[in-house]
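Residue numbers (the numbering used here): 1 to 308.
Derived by calculation from the structure, the hints in this document are not laboratory data. A couple of the hints might just be wrong.
[Stated by the list, open to error] Derived DEER-like restraints, expressed as beta-carbon distance ranges:
#1 Lys277 with Glu189: 36 to 42 Å
#2 Val174 with Arg13: 27 to 33 Å
#3 Ser140 with Met176: 18 to 24 Å
#4 Ser255 with Pro286: 20 to 26 Å
#5 Glu169 with Asp141: 24 to 30 Å
#6 Lys277 with Val202: 45 to 51 Å
#7 Glu189 with Asp284: 54 to 60 Å
#8 Arg13 with Lys277: 58 to 64 Å
#9 Arg222 with Ser140: 19 to 25 Å
#10 Glu187 with Arg240: 42 to 48 Å
[Unchecked claim] Straight-line distance between alpha carbons at most 20 Å, and here's what the computed SDA-like set of lysine to any residue pairs gives:
#11 Lys233 with Glu273
#12 Lys156 with Arg173
#13 Lys66 with Met15
#14 Lys156 with Ala166
#15 Lys144 with Asn221
#16 Lys144 with Arg211
Predicted model only: the values in this text are computed from it and were never measured. No residue lacks a Cβ here, since even glycine has one placed at the ideal position from N, Cα and C.
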Amino acid sequence: MSFSGDVKRELIRIMPAQRSARLAELAAFVDCAGEIGPERNVIGLRMENLSAAMPMRIKYFTLLEKTIIIKDKAAFGGVSITDIADTPEGSLRIAKELMRIDEDGRISAGRGEVDEAILSGENERRAYLRGMFLCTGSMSDPGKEYHLEFICSDEKQADQLVIVLAREEIEGRVTMRRGQPVVYVKESEKIAELLGLMGAHVSLMNMENSRILKEIANSVNRRVNCETSNLLKTVTASGRQIADINYIEAHGGLSQLPDELAETARLRLQFPEATLKELGEASDPPVGKSGINHRLRRISEEADRLRR
Numbered sequence: 001m002s003f004s005g006d007v008k009r010e011l012i013r014i015m016p017a018q019r020s021a022r023l024a025e026l027a028a029f030v031d032c033a034g035e036i037g038p039e040r041n042v043i044g045l046r047m048e049n050l051s052a053a054m055p056m057r058i059k060y061f062t063l064l065e066k067t068i069i070i071k072d073k074a075a076f077g078g079v080s081i082t083d084i085a086d087t088p089e090g091s092l093r094i095a096k097e098l099m100r101i102d103e104d105g106r107i108s109a110g111r112g113e114v115d116e117a118i119l120s121g122e123n124e125r126r127a128y129l130r131g132m133f134l135c136t137g138s139m140s141d142p143g144k145e146y147h148l149e150f151i152c153s154d155e156k157q158a159d160q161l162v163i164v165l166a167r168e169e170i171e172g173r174v175t176m177r178r179g180q181p182v183v184y185v186k187e188s189e190k191i192a193e194l195l196g197l198m199g200a201h202v203s204l205m206n207m208e209n210s211r212i213l214k215e216i217a218n219s220v221n222r223r224v225n226c227e228t229s230n231l232l233k234t235v236t237a238s239g240r241q242i243a244d245i246n247y248i249e250a251h252g253g254l255s256q257l258p259d260e261l262a263e264t265a266r267l268r269l270q271f272p273e274a275t276l277k278e279l280g281e282a283s284d285p286p287v288g289k290s291g292i293n294h295r296l297r298r299i300s301e302e303a304d305r306l307r308r
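Construct the entire structure; sequences and hints are all you get.
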């Protein structure tokens, strides 16, 4: 199962308590996946492009049933909300609730944006974002990368989505992909905020766990790389120092060096992998790191003098 699919399975089970929030989520469904036929004045739902089509259809009709109050069911023969939604009369009632009626009193066939009055409150905007993600969204596995996106139907829809995200202090950026605008969020903190806003709290927790594991792994890698680099530097420096000491030994011996330099030279030969700090601690009396470094530099200078 993909992480994106897990998020949608969590979101699809959420049913807002407030009618205005249910209306906002329903508006997102219709705006993204609504199949509006102006000839018949009927609002349907396109399912072929939606993942988990049957659960999405169930959520759509559940939203309808809990949101659009149809008092005169007898006028439709006492049929279910599902049947009512597929009739011109039922669609007209839905369109009025969603503010999708044009000046001639017909269902507006144009898609691309939800009426701003429906998105007036924070709960309504969160429900709208949830509906948009269910219909058009996807998210990468946070263990690999941070990327959440919405594939919009047109620029108007993308612009509105960017505005709604901005009201929640989330920056949505727009790019074009195969002729369609895509609104995306890449910052891990903002993706986490968006998951929380939409109500995907389990997915948010899983993302945070994944992020913590990734940060630990990165921290361990940085420390290992740093220690490896330091070890290589130590080994390289030690190799040069040993070469200088052996050259002095072969051209007059270490006895020609002052006592403290001769002691340090012998310690370096005895402990070729020791750090400056460890060489200083092994000296008698102990010497600081800078003192040992100074002694080794003088040994190197003496080797260079002999080579000339």
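Quick rundown of the hints versus the structure:
no.: 1; hint: Lys277 with Glu189: 36 to 42 Å; in the structure: holds, 40 Å
no.: 2; hint: Val174 with Arg13: 27 to 33 Å; in the structure: holds, 30 Å
no.: 3; hint: Ser140 with Met176: 18 to 24 Å; in the structure: holds, 19 Å
no.: 4; hint: Ser255 with Pro286: 20 to 26 Å; in the structure: holds, 23 Å
no.: 5; hint: Glu169 with Asp141: 24 to 30 Å; in the structure: holds, 25 Å
no.: 6; hint: Lys277 with Val202: 45 to 51 Å; in the structure: holds, 49 Å
no.: 7; hint: Glu189 with Asp284: 54 to 60 Å; in the structure: holds, 55 Å
no.: 8; hint: Arg13 with Lys277: 58 to 64 Å; in the structure: holds, 59 Å
no.: 9; hint: Arg222 with Ser140: 19 to 25 Å; in the structure: holds, 23 Å
no.: 10; hint: Glu187 with Arg240: 42 to 48 Å; in the structure: holds, 46 Å
no.: 11; hint: Lys233 with Glu273; in the structure: holds, 11 Å
no.: 12; hint: Lys156 with Arg173; in the structure: holds, 14 Å
no.: 13; hint: Lys66 with Met15; in the structure: holds, 9 Å
no.: 14; hint: Lys156 with Ala166; in the structure: holds, 15 Å
no.: 15; hint: Lys144 with Asn221; in the structure: holds, 16 Å
no.: 16; hint: Lys144 with Arg211; in the structure: holds, 10 Å
Going down the numbered hints, you'll see the structure goes against none, and every one checks out.
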